[in-house]
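I would like the entire structure built from these sequences, with the hints used as guidance.
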Amino acid sequence: MTCVETMPLLELELDGELDARSVLEVREHVSRCPACARQAASLRALSDAARTHLTYHEPPPGLERRLLRPLRPRRPRLTWAAPALAASVAVAVFAAMPRRDALVEQAIAAHARSLQLDHAIDVVSTDQHTVKPWFDGKVGFAVPVRDESTTGFALAGGRLDYLDGRPAAAVVYRKAKHLVNLFVLDAQGRGDAPPRREEQRGFTAWRWTSGGLQYVLVGDVAAPELAALAERLAGTSR
Amino acid sequence: MSEAAKVDAFQRALVPHMGAAWNLARWLVRDSADAEDVLQEAYVRAFRHFDSFRGERARGWLLSIVRNACWSFLSRKGQTEEVFDEERDTAAVVPLQLTPEPEAQLVRSDQARRIQEEVEALRPEFREAFVLRELEGLSYKEIADVTAVPIGTVMSRLSRARRELQARLGDTGLKASAS
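Protein chains in written order, with the numbering used here: chain A, 1 to 238; chain B, 1001 to 1179.
Among these hints, one or two may not hold up.
[As the list claims (entries may be wrong)] Straight-line distance between alpha carbons at most 25 Å, and here's what the computed DMTMM-like set of lysine to aspartate or glutamate pairs gives:
no., chain 1, residue 1, chain 2, residue 2
1, A, Lys177, A, Glu231
2, B, Lys1141, A, Asp15
3, B, Lys1141, A, Glu13
For the record, the hints were derived by calculation from the structure and aren't laboratory data.
Here it is, written out as structure tokens:
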């Protein structure tokens, strides 16, 4: 292969779009051609830098609710006298609704994102002694990582996430085909609080605070199983 | 299906992809308020066509609707009018001056800021291809489907984006930032 043939293929190789045989030919040429090797290294550096440094913009809190609001069926048309009444009813209904927990909302969104395979796990390991140190230096606290395989939740790995504008450790468990995310964040001075259940958008989440860390557990496993897992993790992670 | 049930099904299908939709819109229109307006428009459009959606490849389906909404927005704002001039735009590409040997950490954050700025400064069609490839990890075929152009066009846009970024950032800069 010549340089003229190789140059256009370097990007395809980088992007994983080249067939196995051409990959070998490209690599063979690159190994003995300094100019092509330089260009290959530069492309690789650009791609690495982009993946490392470019901002993956996170949706602002409450975005989904705002996006879906206009899609909901409209209420019957109001008469001239009704708007003021409707407004006061709306205020009353709003006030009566439990306040949505922004952290839980973000945890659920992060969980939903992680269900896409390529976003689920940064460090793949079933070994807690591999996952725990992986978080060192990535989040500003030690992350308790427990193996729960004896209760059916196999440790699958860890992932760095952002919740509430803060780095969060996501410890990922798997049960059959279901994924469970345990988000761990710095509690920022909040005192201990026992597990509390929250329902949003058909997802169940458990949140608690213990030993200076905040935890949010989200998963699409059966509710009693998730509750039991939350209790075990909360009881032992302090 | 009742209207309310349709909204629920719509919500379930799209929840996992809202992050990708937001990221793409935010990169294309480069402003949070505008991105939200555009996404709102896209969601209304997507909902209207949800009956014809068969449940496969929800991400690509949503992303193509979102990018179309972004492009209508950009063309309304006149940001797509400018025609690419090979000679002028390539001549303008000058490698940035590198700072002389500050601390490693400083170099890194400086590089992070610069690559961010340079990608933001790319023409929208190059920026779109680059972001879909590097941040969303889409294949050429997937990018072609989302942006409704042939694969060859995707390849040349990606290539242009990279050539421009390489020239603007310079090799030294990239090595420092990738470390």
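Hint by hint, here is what the structure shows:
no., hint, in the structure
1, A:Lys177 to A:Glu231, "22 Å, holds"
2, B:Lys1141 to A:Asp15, "12 Å, holds"
3, B:Lys1141 to A:Glu13, "15 Å, holds"
Of the numbered hints given earlier, the model fails none.
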